[in-house]
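*Asks:* The C-terminal position of the sequence shown is numbered 591 in this note's numbering, with every residue numbered one higher than the one before it.
Simulated from the structure, these hints should not be mistaken for laboratory data. Treat the numbers as computed from the prediction; the structure is a model and nothing was measured. Any given hint could turn out to be false.
Stated by the list, open to error - EDC-like mimics (lysine to aspartate or glutamate), calculated; alpha carbons at most 16 Å apart, straight line:
(1) K21 with D33
(2) K464 with E71
(3) K375 with E353
(4) K23 with D33
(5) K23 with E45
(6) K375 with E349
(7) K375 with E359
(8) K68 with E461
(9) K21 with E45
(10) K98 with E187
(11) K375 with E362
(12) K98 with D125
(13) K464 with E76
(14) K98 with D189
(15) K21 with D38
(16) K375 with E351
Claimed, not checked - Cβ-Cβ distance ranges computed for the label pairs, FRET-style:
(17) I460 with V320: 28 to 34 Å
(18) M560 with Y441: 42 to 48 Å
(19) R90 with V210: 27 to 33 Å
(20) L512 with N234: 25 to 31 Å
Glycine included, each C-beta is placed from N, C-alpha and C at the ideal position.
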Amino acid sequence: MGLPVPDLDDRTFQDIVNEAKRKIPLYCPEWTDHNLSDPGITLIELFSWMTEMTLYRLNQVPDKNYVKFLELIGVELAPAAPAGTEITFRLSGAQPNKVTMPAGTEVATVRTETDEAILFTTVEDTTISPATLAHLLVSEDGESFVDRLALLTDWRALLGTPGQEGRVTNLFADTPAPGNAFYIGIEADIRRTVINLNLECAERAAPGIVPTNPPLRWEYWDSELQDWAAFERNQDEEAWIEQDGTRGLNTVGDVVLHLPRTAGETTVGLRSAYWIRCVVIPGTAQTGEYTASPQVAWVEATAVGGVAPAHNVTSVEHEVLGSSDGSSGQTFGVGILPALPLIDGETVEVELEDESGWELWEPVADFSDSGPNDKHFVFDPVTGEVRFGPVIRSPHGEEIQYGAIPPTGMQIGLTSYRYGGGPEGNVGQNTLTELQSSIPYVDTVTNRRVASGGVDPESIENAKMRGPQTLRTRNRAITADDFEHLAKEASPSVVRARCIQPTEVGTEGDPLPGVVRVLLVPTLPASSSNTVTPDELRIPRDLLDHVSEYLDERRLLTTMLIVSEPEYHWASVEARVKVSPNADPDQVQEA
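Required output: the full structure, derived from the provided sequences and hints.
*Replies:* Written out as structure tokens, the structure is:
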């Protein structure tokens with residue numbers, strides 16, 4: 001239990017009025033009319049109201065001191081955080097050359113009569129390279145491989161129409177078994193790329209399966225896992241199989257695959273490439289089993305799109321904030337809030353005294369290590385203020401300048417800064433469809449996953465609650481409480497964190513020594529209804545990476561850290577609620 005904090009003066013307006021009335025006989029006995037209509041009583045009530053306002057301000061002194069103590073221990077308000085998602089750019093057709101979507105490409109929601117367009121900006125260059133098919137390997141055991149691409153190429157060049165008898169090759173064993181697979185090797189970098197595989201399969205050559213749900217699994221080589229990973233049927237997954245029109249490799253059709261950022265190059269059968277494979281899995285009553293191998297006459301790979309990470313931010317270039325008056329401790333404010341923390345390339349620029357150009361200054365967290373000639377500044381994204389170094393008077397009366405002072409009369413500006421963030425950026429899937437400026441060969445854009453992570457700047461009340469925990473952790477992740485607190489401190493987009501110690505996979509035995517797992521729950525959008533959906537609880541990959549890096553800098557060297565989202569088990573509850581007869585119906589409905 002926290003220590004109670006009493007008010008410095010707890011008298012109310014009525015207490016002050018009553019006290020003044022009780023003193024009337026003492027100081028003015030001839031005043032006998034104490035009714036509300038008496039002008040003297042009116043003056044008493046007026047002065048009582050003014051006194052109450054003074055007492056209210058007096059009682060704020062402890063809160064003000066508390067905030068100053070928070071500043072002293074380095075607790076600062078967290079800035080707004082922008083929502084993030086991924087934008088899929090679809091090309092108008094296969095291109096022979098690379099197509100690049102530069103960083104800063106803007107995509108927005110549709111503007112309506114009631115809602116303004118919500119703007120997202122890509123944060124890195126995205127290049128779609130032509131996908132060149134280099135290898136088509138078949139394997140029955142995953143160890144020995146045969147390349148069929150040269151054979152198919154020769155047939156296509158010499159014999160013409162594919163698919164005729166004698167011009168096709170088996171993709172699996174004569175009687176396919178689990179583990180049989182064929183491998184497609186692509187020379188180009190296909191990370192964050194949408195690949196269309198056109199497979200000219202022989203018609204109904206592989207019976208025994210359910211064409212709409214064949215016993216097949218499409219996989220890619222994952223450079224992080226250093227293993228094969230499956231494409232999912234759910235479009236919320238980064239690795240997504242959007243379409244399979246081959247009916248279990250029994251007809252000519254397209255397979256459209258979205259490659260994730262973790263797709264990587266590896267060596268299969270002594271051949272190096274970016275690899276995609278299709279593997280036979282055990283059949284079930286729902287999938288059936290192959291009784292003969294599918295046959296293919298030709299395979300073609302085409303890059304038809306690319307994926308770029310994007311945030312709900314807008315950039316302002318070369319904004320002039322004002323001019324220096326030559327004094328210490330100057331502050332200048334940006335034009336648009338909420339501002340976001342400065343990133344590489346965003347800094348203060350100060351006009352040179354000869355007006356021949358601009359000089360870049362260095363951002364610092366504080367001025368404690370800044371000398372009088374160090375061209376440093378502090379940027380507070382919550383208030384949008386640029387602060388220059390102050391003068392501090394030492395106990396001996398000496399004035400010490402921390403950080404240089406911009407020359408008098410010279411203009412102060414920012415090379416660039418970003419603004420945005422907030423829960424309004426948490427838009428639904430397939431809502432970012434308006435490309436703000438045309439890009440050659442790009443046909444459509446969309447966000448196939450919901451945007452998440454957008455929150456407002458932190459409130460004073462929340463910072464007060466963080467203060468005691470900050471003192472306990474000392475910015476070190478040692479105990480479970482430390483990990484949980486620092487995970488929430490890493491980003492305002494994390495509302496809950498739970499630190500556990502995992503056990504061996506598939507066992508309930510002793511915890512794994514030295515391994516710590518942190519589970520994160522995201523901040524829900526302010527507009528979220530009472531019904532929480534799985535999409536709203538999904539943690540964006542960049543948020544997981546950010547929290548992991550933040551904790552990694554503060555953990556013990558002997559600790560292995562795993563940051564992930566929990567596995568949710570959904571339950572439905574039916575309940576009858578009996579309402580009190582005196583209850584407000586609107587409040588009951590809201591609750």
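*Asks:* All hints, please: hold or fail.
*Replies:* Do the hints match the structure? See the list:
{"no.": "1", "hint": "K21 with D33", "verdict": "holds, 11 Å"}
{"no.": "2", "hint": "K464 with E71", "verdict": "holds, 11 Å"}
{"no.": "3", "hint": "K375 with E353", "verdict": "holds, 15 Å"}
{"no.": "4", "hint": "K23 with D33", "verdict": "holds, 14 Å"}
{"no.": "5", "hint": "K23 with E45", "verdict": "holds, 14 Å"}
{"no.": "6", "hint": "K375 with E349", "verdict": "holds, 10 Å"}
{"no.": "7", "hint": "K375 with E359", "verdict": "holds, 10 Å"}
{"no.": "8", "hint": "K68 with E461", "verdict": "holds, 14 Å"}
{"no.": "9", "hint": "K21 with E45", "verdict": "holds, 10 Å"}
{"no.": "10", "hint": "K98 with E187", "verdict": "holds, 14 Å"}
{"no.": "11", "hint": "K375 with E362", "verdict": "holds, 6 Å"}
{"no.": "12", "hint": "K98 with D125", "verdict": "holds, 12 Å"}
{"no.": "13", "hint": "K464 with E76", "verdict": "holds, 10 Å"}
{"no.": "14", "hint": "K98 with D189", "verdict": "holds, 11 Å"}
{"no.": "15", "hint": "K21 with D38", "verdict": "holds, 12 Å"}
{"no.": "16", "hint": "K375 with E351", "verdict": "holds, 13 Å"}
{"no.": "17", "hint": "I460 with V320: 28 to 34 Å", "verdict": "holds, 31 Å"}
{"no.": "18", "hint": "M560 with Y441: 42 to 48 Å", "verdict": "holds, 45 Å"}
{"no.": "19", "hint": "R90 with V210: 27 to 33 Å", "verdict": "holds, 30 Å"}
{"no.": "20", "hint": "L512 with N234: 25 to 31 Å", "verdict": "holds, 30 Å"}
Of the hints listed earlier, there is not a single one the structure fails to meet.
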